[in-house]
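Residues per chain are reported as follows:
There are 2 protein chains.
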Amino acid sequence: MDERLKRQLDFALEIDKEKNVLRQTHLSGHGRRENDAEHAWHMAIMAYLLREYSNEPVDIAKTMLMCLIHDIVEIDAGDTFAYDTERLATREQRENEAKERIFSLLPEDQKTEFSALFDEFEAARTPESRFAHAMDNLQPIMLNNSNGGTDWAEHGVTASQVYWRQGSTRPGSEKLYEITDAMIRENIEKGSLPDDR
Amino acid sequence: MDERLKRQLDFALEIDKEKNVLRQTHLSGHGRRENDAEHAWHMAIMAYLLREYSNEPVDIAKTMLMCLIHDIVEIDAGDTFAYDTERLATREQRENEAKERIFSLLPEDQKTEFSALFDEFEAARTPESRFAHAMDNLQPIMLNNSNGGTDWAEHGVTASQVYWRQGSTRPGSEKLYEITDAMIRENIEKGSLPDDR
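Note that the protein sequences, when read in sequence, are chains A and B.
The first sequence: position 190 = 189 (numbering that gives the first Met the number 0), numbered continuously.
The second sequence: position 30 = 29 (numbering that gives the first Met the number 0), numbered continuously.
Incorrect hints may appear among the rest.
What the hints assert, rightly or not - Under 8 Å between C-beta atoms, here's a sample of chain A residues computed to sit facing chain B:
{"hint": "1", "residue": "8"}
{"hint": "2", "residue": "10"}
{"hint": "3", "residue": "19"}
{"hint": "4", "residue": "20"}
{"hint": "5", "residue": "26"}
{"hint": "6", "residue": "36"}
{"hint": "7", "residue": "45"}
Unchecked claim - Straight-line distance between alpha carbons at most 27 Å, and here's what the computed DSSO-like set of lysine-lysine pairs gives:
{"hint": "8", "chain 1": "B", "residue 1": "110", "chain 2": "B", "residue 2": "174"}
{"hint": "9", "chain 1": "B", "residue 1": "98", "chain 2": "B", "residue 2": "61"}
{"hint": "10", "chain 1": "B", "residue 1": "110", "chain 2": "B", "residue 2": "98"}
{"hint": "11", "chain 1": "A", "residue 1": "174", "chain 2": "A", "residue 2": "61"}
{"hint": "12", "chain 1": "B", "residue 1": "16", "chain 2": "A", "residue 2": "16"}
{"hint": "13", "chain 1": "B", "residue 1": "5", "chain 2": "A", "residue 2": "174"}
{"hint": "14", "chain 1": "A", "residue 1": "174", "chain 2": "B", "residue 2": "110"}
{"hint": "15", "chain 1": "A", "residue 1": "61", "chain 2": "A", "residue 2": "110"}
{"hint": "16", "chain 1": "B", "residue 1": "5", "chain 2": "B", "residue 2": "98"}
{"hint": "17", "chain 1": "B", "residue 1": "110", "chain 2": "B", "residue 2": "5"}
{"hint": "18", "chain 1": "B", "residue 1": "174", "chain 2": "A", "residue 2": "174"}
{"hint": "19", "chain 1": "B", "residue 1": "61", "chain 2": "A", "residue 2": "5"}
{"hint": "20", "chain 1": "A", "residue 1": "189", "chain 2": "A", "residue 2": "174"}
{"hint": "21", "chain 1": "A", "residue 1": "61", "chain 2": "B", "residue 2": "174"}
{"hint": "22", "chain 1": "B", "residue 1": "174", "chain 2": "A", "residue 2": "16"}
{"hint": "23", "chain 1": "B", "residue 1": "98", "chain 2": "B", "residue 2": "16"}
{"hint": "24", "chain 1": "B", "residue 1": "61", "chain 2": "A", "residue 2": "110"}
{"hint": "25", "chain 1": "A", "residue 1": "5", "chain 2": "B", "residue 2": "189"}
{"hint": "26", "chain 1": "B", "residue 1": "61", "chain 2": "A", "residue 2": "16"}
{"hint": "27", "chain 1": "A", "residue 1": "98", "chain 2": "A", "residue 2": "5"}
{"hint": "28", "chain 1": "B", "residue 1": "16", "chain 2": "B", "residue 2": "61"}
{"hint": "29", "chain 1": "B", "residue 1": "5", "chain 2": "A", "residue 2": "61"}
{"hint": "30", "chain 1": "A", "residue 1": "110", "chain 2": "B", "residue 2": "110"}
{"hint": "31", "chain 1": "B", "residue 1": "16", "chain 2": "A", "residue 2": "189"}
{"hint": "32", "chain 1": "B", "residue 1": "16", "chain 2": "A", "residue 2": "174"}
{"hint": "33", "chain 1": "B", "residue 1": "189", "chain 2": "A", "residue 2": "189"}
{"hint": "34", "chain 1": "B", "residue 1": "174", "chain 2": "B", "residue 2": "189"}
{"hint": "35", "chain 1": "B", "residue 1": "174", "chain 2": "B", "residue 2": "61"}
{"hint": "36", "chain 1": "A", "residue 1": "16", "chain 2": "B", "residue 2": "189"}
{"hint": "37", "chain 1": "A", "residue 1": "61", "chain 2": "B", "residue 2": "16"}
{"hint": "38", "chain 1": "B", "residue 1": "110", "chain 2": "A", "residue 2": "61"}
{"hint": "39", "chain 1": "A", "residue 1": "5", "chain 2": "B", "residue 2": "174"}
{"hint": "40", "chain 1": "A", "residue 1": "16", "chain 2": "A", "residue 2": "98"}
Quick caveat, the hints were computed from the structure, so don't treat them as lab data.
Predicted, not measured: the structure shown is a model, and the values here were computed from it.
Note that CB positions come from ideal geometry on N, CA and C, so glycine has one too.
With the hints as extra help, turn the sequences into a complete structure.
Below is the structure:
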């Protein structure tokens with residue numbers, strides 16, 4: 000087998016490990032905890048399905064690929080819960096080291112491409128990355144909302160924290176932020192999310 | 000919320016159930032059984048990564064989306080193991096009923112689009128669907144090969160059965176069929192796959 004294909008398959012096998020990175024979100028129907036690969040699959044389909052609500056036109060292949068790969072670094076760096084301020088402080092360094100190791104398995108041109116796509120997602124300064132962030136927010140709040148907000152209760156998360164995180168949906172999609180806001184208000188009213196605003 | 004967006008979100012939540020559909024393949028590192036959503040995520044990234052080996056040029060957004068949604072019908076129809084001839088006989092009917100129920104959650108235009116994409120995958124008569132089938136074959140054999148072929152041993156699968164299934168990689172990618180063939184031969188030589196040809 001030639002060297003290029005060997006490297007591509009080594010990478011393909013390596014990312015299988017993403018299926019073992021657990022998130023704090025639970026599957027609908029009060030299921031088990033979700034993993035990063037499932038989350039990314041769900042986000043990519045939702046990106047396609049909901050692309051008409053992006054504030055700006057997006058290259059949908061790029062947006063889907065960004066959704067699919069945005070958590071690969073967590074194979075080494077682990078998932079950082081959106082409200083874990085201690086781990087958030089060290090997140091960038093952990094993820095940079097992971098990015099270097101994992102994407103270096105690829106042929107040079109694809110290493111460059113995937114690293115750039117990951118950086119673009121993180122920076123959230125393009126239409127595609129802004130819309131991908133909207134999916135990264137909407138997918139877990141949709142699941143958590145379907146479970147009555149139990150993921151928040153489990154971690155003592157409050158309304159202001161949820162608004163802080165979900166705020167990054169807005170630059171990607173005003174429309175999807177509107178329905179997110181409605182979901183949050185509903186959970187506050189039901190008492191499943193303490194209102195500390 | 001308007002009716003269109005509500006339907007899109009109902010569908011997005013419904014497909015969460017695909018994460019509970021278990022396959023016969025085990026994750027690398029002798030892990031647990033893989034589910035359909037993880038398999039689809041892995042296939043979509045591999046499609047992008049390996050698209051240069053497609054026999055014909057492909058629309059990569061379409062190919063990735065096809066990979067992502069090709070198993071959604073299994074939410075109702077269940078996974079049909081590639082070598083289970085009894086269940087294979089009833090597969091089409093089960094999947095057609097599932098397709099009708101699940102895609103009907105969507106707005107009409109997206110129901111039409113997703114159903115057509117699913118049918119295109121099944122028919123395997125376009126460059127995109129042929130390459131998606133190559134991914135549908137390569138992804139599990141890659142994992143199983145990394146585990147020493149234990150998925151085959153568990154079900155008493157033989158070389159001729161594996162060649163029969165993996166044969167559908169060839170119309171999508173001669174190059175990837177070559178490395179598949181090498182993997183199969185290696186497993187036969189190691190004794191992890193009985194040679195009944």
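Against the structure, the hints:
Interface hint status for residue 8 of chain A: upheld, as the beta-carbon distance to the closest one in chain B is roughly 7 Å, under 8 Å. About 7 Å separates the beta-carbon of residue 10 of chain A from the nearest beta-carbon of chain B, less than 8 Å, and the hint is met. Checking residue 19 of chain A against chain B: minimum C-beta separation of about 7 Å stays under 8 Å; hint holds. Taken as an interface hint, residue 20 of chain A does not check out: its beta carbon lies about 11 Å from the nearest beta carbon of chain B, beyond 8 Å.
At its closest, the beta carbon of residue 26 of chain A sits 6 Å from a beta carbon of chain B; the interface hint therefore holds under the 8 Å criterion. Here the hint on residue 36 of chain A is kept, as its CB sits about 5 Å from the closest CB of chain B, short of 8 Å. Annotation: residue 45 of chain A was flagged as interfacial toward chain B, and the flag holds, the nearest CB pair being 5 Å apart, inside 8 Å. Straight-line distance between C-alpha atoms of residue 110 of chain B and residue 174 of chain B comes to about 35 Å, which puts the hinted pair past the 27 Å bound.
Distance check on the hinted pair: residue 98 of chain B and residue 61 of chain B sit about 19 Å apart at the alpha-carbon level, within 27 Å; holds. Between residue 110 of chain B and residue 98 of chain B the alpha-carbon distance is near 9 Å, which keeps this suggested pair within the 27 Å criterion. Between the alpha carbons of residue 174 of chain A and residue 61 of chain A the distance comes to roughly 21 Å, so the proposed pair stays at or under 27 Å and holds. A threshold of 27 Å between alpha carbons decides the hint, and for residue 16 of chain B with residue 16 of chain A the separation of about 21 Å falls inside it, so the pair holds.
Our distance criterion of 27 Å between C-alpha atoms is met by residue 5 of chain B and residue 174 of chain A, whose separation comes to about 12 Å. Between residue 174 of chain A and residue 110 of chain B, the direct Cα distance comes to roughly 22 Å. Compliance with the 27 Å bound is thereby established for this hinted pair. Between residue 61 of chain A and residue 110 of chain A, the direct Cα distance comes to roughly 16 Å. Compliance with the 27 Å bound is thereby established for this hinted pair. Of the supplied pair hints, the one linking residue 5 of chain B and residue 98 of chain B holds, its CA atoms being roughly 19 Å apart against a limit of 27 Å.
A distance of roughly 14 Å separates the Cα atoms of residue 110 of chain B and residue 5 of chain B; the hinted pair therefore holds under the 27 Å criterion. Distance check on the hinted pair: residue 174 of chain B and residue 174 of chain A sit about 45 Å apart at the alpha-carbon level, beyond 27 Å; violated. Between the alpha carbons of residue 61 of chain B and residue 5 of chain A the distance comes to roughly 26 Å, so the proposed pair stays at or under 27 Å and holds. Taking the CA atoms of residue 189 of chain A and residue 174 of chain A, the gap is about 23 Å. The hint holds against a cut of 27 Å.
A threshold of 27 Å between alpha carbons decides the hint, and for residue 61 of chain A with residue 174 of chain B the separation of about 25 Å falls inside it, so the pair holds. Distance restraint check for residue 174 of chain B and residue 16 of chain A: the Cα-Cα separation of roughly 26 Å lies within the 27 Å cut-off, and the hinted pair is therefore satisfied. A distance of roughly 14 Å separates the Cα atoms of residue 98 of chain B and residue 16 of chain B; the hinted pair therefore holds under the 27 Å criterion. A distance of roughly 23 Å separates the Cα atoms of residue 61 of chain B and residue 110 of chain A; the hinted pair therefore holds under the 27 Å criterion.
Proposed proximity of residue 5 of chain A and residue 189 of chain B is supported: the alpha carbons are some 21 Å apart, at most 27 Å. Restraint check for residue 61 of chain B and residue 16 of chain A: satisfied, since their Cα atoms lie roughly 26 Å apart, inside the 27 Å limit. Distance restraint check for residue 98 of chain A and residue 5 of chain A: the Cα-Cα separation of roughly 19 Å lies within the 27 Å cut-off, and the hinted pair is therefore satisfied. Note on residue 16 of chain B and residue 61 of chain B: the hinted pairing holds, with a Cα-Cα distance of about 23 Å set against a maximum of 27 Å.
Only pairs whose Cα atoms come within 27 Å are accepted, and residue 5 of chain B paired with residue 61 of chain A is accepted, the gap being roughly 26 Å. This hinted pair does not check out: residue 110 of chain A and residue 110 of chain B have alpha carbons roughly 37 Å apart, beyond 27 Å. For a cut-off of 27 Å, the pair hint linking residue 16 of chain B to residue 189 of chain A stands: about 26 Å separates their Cα positions. At most 27 Å may separate the alpha-carbon atoms for a hinted pair to count; residue 16 of chain B and residue 174 of chain A meet this at roughly 26 Å.
With a C-alpha separation of about 61 Å, the suggested pairing of residue 189 of chain B with residue 189 of chain A is violated against the 27 Å cut-off. The hinted pair formed by residue 174 of chain B and residue 189 of chain B meets the criterion: a straight-line CA distance of about 23 Å does not exceed 27 Å. Straight-line distance between C-alpha atoms of residue 174 of chain B and residue 61 of chain B comes to about 21 Å, which keeps the hinted pair within the 27 Å bound. Between residue 16 of chain A and residue 189 of chain B the CA atoms are separated by roughly 26 Å; this keeps the pair inside 27 Å, and the hint holds.
Between the alpha carbons of residue 61 of chain A and residue 16 of chain B the distance comes to roughly 26 Å, so the proposed pair stays at or under 27 Å and holds. At roughly 23 Å between alpha-carbon atoms, residue 110 of chain B and residue 61 of chain A fall within 27 Å of each other, so this suggested pair holds. Only pairs whose Cα atoms come within 27 Å are accepted, and residue 5 of chain A paired with residue 174 of chain B is accepted, the gap being roughly 12 Å. A hinted pair counts as satisfied when its Cα atoms are at most 27 Å apart, and residue 16 of chain A with residue 98 of chain A qualifies at roughly 14 Å.
Comparing the model with each earlier hint shows violations of hints 4, 8, 18, 30, 33; every other hint is respected.
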